[in-house]
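Number of protein chains: 2
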Amino acid sequence: MPVYTAPTRDYKFVLHDVLNITKYGNLPGFADADGDTVDAILEEAAKVSEQVLAPLNRVGDVEGCTRHDDGSVTTPTGFKEAYKQFAEAGWMGLSQPQEYGGQGLPQVLGLATGEMTSAANMAFGMYPGLTGGNVRALLAGGSEEQKQTYLPKMISGEWTGTMNLTEPHCGTDLGLLRTKAVPNGDGSYRISGQKIWISSGEHDMADNIIHLVLARIEGAPEGVKGISLFVVPKFILDENGNPGERNSLQCGGLEEKMGIHGNSTCVMNYDEATGWLVGEENKGLKIMFVMMNEARLGVGLQGLALGEVAYQNSLAFAKDRLQGRSLTGPQNPDGPADPIIVHPDVRRMLMDQKSFVEASRCFVSWTALHGDLEEKSDDPAQREKSGDYMSLLTPIVKAYLTDKGFKSVSDGLQVFGGSGYTEEWGMSQFLRDARITLIYEGTNGIQALDLVGRKLAMHGMRPINSFFAELDAFAASGGSEATQPFLDAVAATKAQLKEATDWLVENGLKDFNNAGASSHDYLQLFGLTCLTYMWGLMAKAAEAGDASDPFYSNKLKTGRYFLDRWVPEGGMHLAKVKAGAASMMALEAEAF
Amino acid sequence: MPVYTAPTRDYKFVLHDVLNITKYGNLPGFADADGDTVDAILEEAAKVSEQVLAPLNRVGDVEGCTRHDDGSVTTPTGFKEAYKQFAEAGWMGLSQPQEYGGQGLPQVLGLATGEMTSAANMAFGMYPGLTGGNVRALLAGGSEEQKQTYLPKMISGEWTGTMNLTEPHCGTDLGLLRTKAVPNGDGSYRISGQKIWISSGEHDMADNIIHLVLARIEGAPEGVKGISLFVVPKFILDENGNPGERNSLQCGGLEEKMGIHGNSTCVMNYDEATGWLVGEENKGLKIMFVMMNEARLGVGLQGLALGEVAYQNSLAFAKDRLQGRSLTGPQNPDGPADPIIVHPDVRRMLMDQKSFVEASRCFVSWTALHGDLEEKSDDPAQREKSGDYMSLLTPIVKAYLTDKGFKSVSDGLQVFGGSGYTEEWGMSQFLRDARITLIYEGTNGIQALDLVGRKLAMHGMRPINSFFAELDAFAASGGSEATQPFLDAVAATKAQLKEATDWLVENGLKDFNNAGASSHDYLQLFGLTCLTYMWGLMAKAAEAGDASDPFYSNKLKTGRYFLDRWVPEGGMHLAKVKAGAASMMALEAEAF
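Chain order of the listed sequences is V and H.
Position 556 (the first sequence) corresponds to 556 in full-length UniProt numbering; numbering is contiguous.
Position 213 (the second sequence) corresponds to 213 in full-length UniProt numbering; numbering is contiguous.
Read the hints as simulated data drawn from the structure, not as lab findings.
Please note that a few of the clues may not be correct.
Remember, identical chains collapse to one label, so a pair may be satisfied in a single copy or spanning two.
[Stated by the list, open to error] Using 25 Å as the maximum straight-line C-alpha spacing, the simulated DMTMM-like pairs for lysine to aspartate or glutamate come out as follows:
#1 Lys80 <-> Glu50
#2 Lys407 <-> Glu423
#3 Lys407 <-> Glu569
#4 Lys498 <-> Glu569
#5 Lys540 <-> Glu588
#6 Lys578 <-> Asp488
Modelling step: build the complete structure from the supplied sequences, incorporating the hints.
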């Protein structure tokens, strides 16, 4: 059975040594997040992940979910009980507003515990995960009555939530959607249509399921300008706000997926189901994108989480499996062979994984902290800057961490040799589960287009210029013998990213296909630059740490590996960016 | 259901335009491979792949193989009938020696048809594939009596063959193997032990299964110097050479794998089974490596094959799926949206796949032709050179084509978005099937070590120097406006590979860990150089082709994409090679 130990030590390093989150104690929510509380929460989250969720991960994969003839869905053995325990312990409300029953703690802490949930059991984590996204959308766009009606029950976990966007003929291009809403005249609507790929769409774990559904009100404009958002509960609430009459919606089938079998991915059929408008008519997409942006950070987190758990398992195998001798002479002379961790190429895969997950953990936390500051800082300049960063960096967190997370899981599987290819050792499940993260909440190609087509140019390029200034200041901040190489690497990747940005601005406007053609490598270069910066921050924090604790010196060693073995990818991405669209678009579609 | 159309047009280009194989008509086997015969064989192979094997691919994945209580194994519905048809049509003997019933055609043709088999149904292709490896081993090491006894029946396909190397505690490190052989005094041995991961180990498709088993004769030296090879038939032959008494060996279980479900991957238990020594005592590994080298080319071919079929399916989807509008204005103004092939980032994935599979096809064929020339050329210098190339390039074909083949399949899946993640569209199976190719027949890490630790230095570096001279001559051969960029790219990647080689020679000998640490990126750079050279050869051939046939001008366009988007990876790999072992080995094992 796969192993999982939550990385609490590493989170303490990121949150305290690197980000020093207690210094924000004057801001709402942060006051409750003093050092001891943070540590206690991390340790509790570790416990539930290791002891409750991880043991159900393979069960979820093997059993999957079962749909019955009446459209009801049963989750895998143990999921229902685990969910009850998870909800009752308050995990779903950790960083939700106190006025609706949450604990109001910073998002950065919510994401830290979220990594543990996803690493232990990604399919399980999607039930609370989607609920959290739903809560955010209602917070952003719902009426006060809707908030009072739905949020406390979702924040307590008594009910769960979903997002309904995709239809069979439209995924990425929501302008094509056909689900219809007809006004009933009493403020409610009759919703009809089919939605697919609805994660957690139907299950047996909660008393009600609150669907948020994109639909087109009769007579609304075509395209994206005619899309409205509706809240459509599985059970319509009675006058006391309790689940009453069954709404006319149903799970029409479960998708047969490569992985995340423990999550019920539903075809949802709405047949004149009763729903209520959220926000204004035809302005549904804007609210959905609030939720989506949150969700995209969460998906990047899943990439990291699966990278972490795959790393841990491949490490354990590499220390245990005896095969061959070290190239420099036996390291385990009394045994029949050396553990394979002595072999440089095995270590290459382990170090690639380790240096990636540690930097990614810091990157997600750093970004999430900006999300908190955007919302809560008392300094308008900080709120603006943090908001800029959140917009700019969300597609990078989503796409880079899932692209490289998948590669990392695949490397972890490779360490196992043939055993990695069996289901028994669990690495296959991690790979199969991880593959969806490159696709959902907007494919990674869409993230890249969002980055170059929207985020780069917004506010007259204020966000990226602000980020460049931060990198420049850091690179010039002065380093010791140990940290100067990190500053130099930040300067080097930043210079490459700047060159790529200049190229894009000049050539992407001349020919939009240049922007599209270079978007993938631009995002990759941007991600690399971010992780290099994180290693810079971590190196400085590690140098300042207790010299007698090997944690800190090992951190620096891992960072040096990143400089040697990841940073060289920058020049390649820059060259590909500058290759532009010409050869990519040269073949006529018929000529393929 | 996934589509598959065998790439016969492209093979005609590679075999005729690029390699001009009819010019070897004076050599044994090649005389029968005139232009018309080659084309007819390609077309027949296309038919059986498209019409017989491809339709069974998903059946094989869904049903898998079934082991019964008596140890017998049933293959998926339709496999038995398809195998009969495949064998009776003579496909298993295509490039086997005529004296044992084969058709004696060149290997290069066998691999071409092998790509089609693997692309259509990889799990099925492994039954004849392993049989072919077994035949090669007996040809290399068996006595004339053994050859007469076993080869004709395997070449006709009446019987199949296997390779038994791995044991639970030893995969890569065969020196640890424990399977025992005790002489019976009559020339036969009693073989006892457990082998795992035995592809096609037991099934219902053939009258007999001929196992080749590595074992240690009682009293033999420890380690790799005490390993002998035995032929151990499932049914011991009677005096007429027909299957008689059941041997005491059994399938003890089937591995539960991520993919290739249609192939029976068996735990094989030998319980004093009767076997006969092949070759000399304690020299078994050498013979097994003959077979292994052949098999490694075949695994590289699988990487290419899955890349090809995934490409075809993602291309069909990209032309069909309507989503969004071209960045430069509607291309399908009468439809609700444009086909996604108009989007540059979709095209990036398609062009990455296309330019990879076309170069890989040429590379496998070019290498296989050297295999034929090594064996059949009447010029000793050519035989030596071709033998050098086969040794040097086999690990590159195996590892580079499977690493990049897997990436290519993953890109193909990505083009499908959410549909790629369902089992229904077939992309999941291609990805799951493809993942094993990075592992079996020696993990890709082992290939890299074989390259830098053995192949590079052999014969005083004669093979690589000979290859460098060929690249230099090609780069200096003079190009037109269309082909000069290809010559320049060959010169550039060769210069990087030379620099990496010089670095390895200098630093790998000083510290073996440097060689190990850099082996992966060295192999990647080597693979890139080979594919760049193939694009150079193809560009020249395309330029010489019929100018009115757009096949040739499109070939040049695809090649230009490769120069823009693949060649820039060389500098990155060179930088990683030169990073050496220091940061990779800096962490103590306990510090992970």
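Here's how the hints hold up against the structure:
no. : hint              : verdict
1   : Lys80 <-> Glu50   : within (17 Å within a copy, 46 Å between copies)
2   : Lys407 <-> Glu423 : both (19 Å within a copy, 21 Å between copies)
3   : Lys407 <-> Glu569 : both (14 Å within a copy, 17 Å between copies)
4   : Lys498 <-> Glu569 : both (15 Å within a copy, 20 Å between copies)
5   : Lys540 <-> Glu588 : between (52 Å within a copy, 22 Å between copies)
6   : Lys578 <-> Asp488 : both (23 Å within a copy, 18 Å between copies)
Checked against the numbered hints given earlier, the structure satisfies every one of them.
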